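Undergrad: Model the full assembly from the supplied sequences, consistent with the hints where possible.
2 protein chains.
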Amino acid sequence: MNILIIGGGGLIGQKLAHKLIDKGELRGQEITGMVLADIVDPALPDAPFPISAASCDIGEPEAVAGLIDKDIDVIYLLAAVVSGQAESDFDIGMRVNLHGTLNVLERCRALETTPVVVFTSSMAVFGGDVPDPIEDWTIPNPQTSYGTQKAIGELLVNDYSRKGFIDGRAFRLPTISVRPGKPNLAASSFMSSIFREPLNGQEAICPVDRDFAHFYLSPRRCVDNLICGAEIDGDAMGTSRTMMMPGRTWTIGQMIDAMTAVAGSEPARLIRFEDQPEIQAIVKGWKFDLNPAKALSLGLSADESFEENIRYYLEDDLPRA
Amino acid sequence: MNILIIGGGGLIGQKLAHKLIDKGELRGQEITGMVLADIVDPALPDAPFPISAASCDIGEPEAVAGLIDKDIDVIYLLAAVVSGQAESDFDIGMRVNLHGTLNVLERCRALETTPVVVFTSSMAVFGGDVPDPIEDWTIPNPQTSYGTQKAIGELLVNDYSRKGFIDGRAFRLPTISVRPGKPNLAASSFMSSIFREPLNGQEAICPVDRDFAHFYLSPRRCVDNLICGAEIDGDAMGTSRTMMMPGRTWTIGQMIDAMTAVAGSEPARLIRFEDQPEIQAIVKGWKFDLNPAKALSLGLSADESFEENIRYYLEDDLPRA
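Order-wise, the sequence lines are chains A and B. Mapping the first sequence onto the UniProt record's numbering, position 319 (from 1) lands on 319, and the numbers just tick up by one. Mapping the second sequence onto the UniProt record's numbering, position 167 (from 1) lands on 167, and the numbers just tick up by one.
Watch out, some of these pointers could steer you wrong.
Same chains, same label: a pair holds when it works inside one copy or across any pair of copies.
[What the hints assert, rightly or not] Below, computed lysine-lysine pairings styled on DSS-like, alpha-carbon distance capped at 25 angstroms: (1) K287 - K163; (2) K284 - K163; (3) K294 - K163; (4) K15 - K182; (5) K284 - K182; (6) K19 - K182.
Please keep in mind that the hints were generated in silico from the structure rather than gathered at the bench. Computed from a prediction, not measured in an experiment: that's the story for all the values here.
TA: In C-alpha cells form, the structure reads like this:
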C-alpha cells in the first residue's frame, strides 16, 4: 500500500500522514511507502517504511507525471488554492484547482492502474438561493471561483470513477476548528482563534454575536474521515462519488461553553466581542444547516460535542504551539 | 452587432443563421456582420451584411484566438462532440466539450469585451437518482462524459459571468424533433425519423410503445429561444445563468395523432412498431418530466402542440429534402 498525499505540507496533510503512520495500514493492507507532495517540500515525519517529500506544482502536467507512477495505490488530493486567493487571482485558482485536478486525473487515466483518489471539496460549492437544510443532493450553485473549481473537480472525480480511470470519492469539508497556528486574513479565522488564543493565555476578538451558527469539524475527526473515506467500497456510493463530510452546527455561545467545560472559566474571559460588520457581511451568508446523511451512512462521523474539538486541540496541538 | 456562431455548420447553427439574417437585428441592434465557424467550413447563407465561414477546432487555443476578436458582440457556442462519441472517445469529448469551452471563455476574458455568450447545454446533465419533476434547481448528476462536460461548461459560464468576463447564459436543450436529414445511429434517431420518413412517403420503424413519453422542442422554436436567450438581461437571471430550455412532454401516440391531424392518415400507416430492447434500455432511462419554469418566466417558450412541430417540418425542411 503506497500512499501519495498531494498537499502533504498543509495542516490536514501533515496530520493525515502522522495518523496513517500510527495506523500502519489502509484498506486492509500494510502501508509500505508514502510520499508527501506540496508546492514546497513538506516536513517529513518519521516512519517505519520509506517516506519521501516532493515539491510539485500540480498545474504542470510534467511535474504530475513525475510524481505519480504505477506503484501508487491511494492518492489524497488535498492541495488547493484557497477561496480568497482563487477569487483575487483567477489564473492561479484555475491553474491549481481546475487544471491541477485535471492533471492528476489524467495522469491516473494514463497509468491505467485505477488508484483510489480522495478529493477534498468544500461547502463553498453551495451558494445563491438554495433551501435549508442542504442535502447531499442539493444543487451546487457556487458564487465564488473557488467553489466553481471545486464543483468541477467533483464532476470530474465522478466521471473518471464511472469510466474506471480512478476509484474516486469527493468530500465537502466543513469549516475546520480548532486549527492550530496563527490567525490569518481569512474571514473564518476567528472560528479557531477565539479558542486557540485564549487556551494559550492570549486575548482574541470575536467579530460576531454569541448566536452566530456555523458547521464545524475538528482536524482530528477530519483526518479520521479521510481515512474512512479512502476505505469505502466504491460501489457503495451509488451514482455520485460526492458527499458532505459530517460536521456539526454550533453557535459561538455553545462553543465557548464547551471550552469552559473542558478548560475552566479563564480562557473565555480572554474573548472580547467586537462587531466587525465587514466580517459579518461575509460569514453570515455562509450555509450552516447541512445534512451529511450519505457520509454518515457510509461510516464517516462528526465530533459529538465541541468539547471534543477543544480536547483534541489541547492533546494534539497545544504541546507543539 | 457582430455575431459569431460556433457550430454554425450544424442543424441548429444553420437555422439560427438564417433566422438572424431574416430578423436583421439582435438585442435591439442591427446585425452588421456574422461569422459561421465549425470544424469544417459551414455553408454560407446570403446576407445583406458581411458574412463569412471559418473552419476552427475549438480544442486549439490559437485557433480560437484567431476566431474571436474584439468586434464580436454575441457568441453562440453550439459546437459539441455528441453524447455517443464523447462516451466512446473520451479524449475528443474532453478536448472539444471541456477544453474547447474553456478556450472560448478564456479568449473572451483576455479580450476584456464581455461578449454575450449563449452556451447550449443538455438534459444529459441529469442522471442517477433524481426526483421528478426535474426543476431548474435539481442537482446535475451526469452519468455520461458528455453530460459531465456540459455540466462543467454551465459552471464555467456562470463563474465567468459572475466575474464579468462574459455575459453568459446556458440553456439545456430538449430533444429536437422533427429533425431533417437522415436517420443516424443515435438511440434518439427514431424520435424524428418516425415522422420525417412517413411525411416523405417512406416507412419507418418505431422501437418503443405508443405510450413512451419524452421532452421535445422543434428546431424552429429552439432557434427562437436561442435568439430570445441572447436578449435576456443578464441581471434578470439571478445567481445562476443556467436553465432548462422550454419543451413539452408528449407520448409517441400523441405525436402520431398530431401528424395525422396535420397531414392526414396516410403517414401514420407507414410507421411499423417493432420492439427493440437495446434501444428501449437506453431511452427509457431518460428523464422526461421537466419543469422549465425559469426560462418560461424570462420569455422563452415551448411548442404549443406537436402539430406545430409537424407543420414546421413541412414548411421549413420538407421542401429542401
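Undergrad: Check the structure against each numbered hint from earlier and tell me which ones fail, lowest number first.
TA: none
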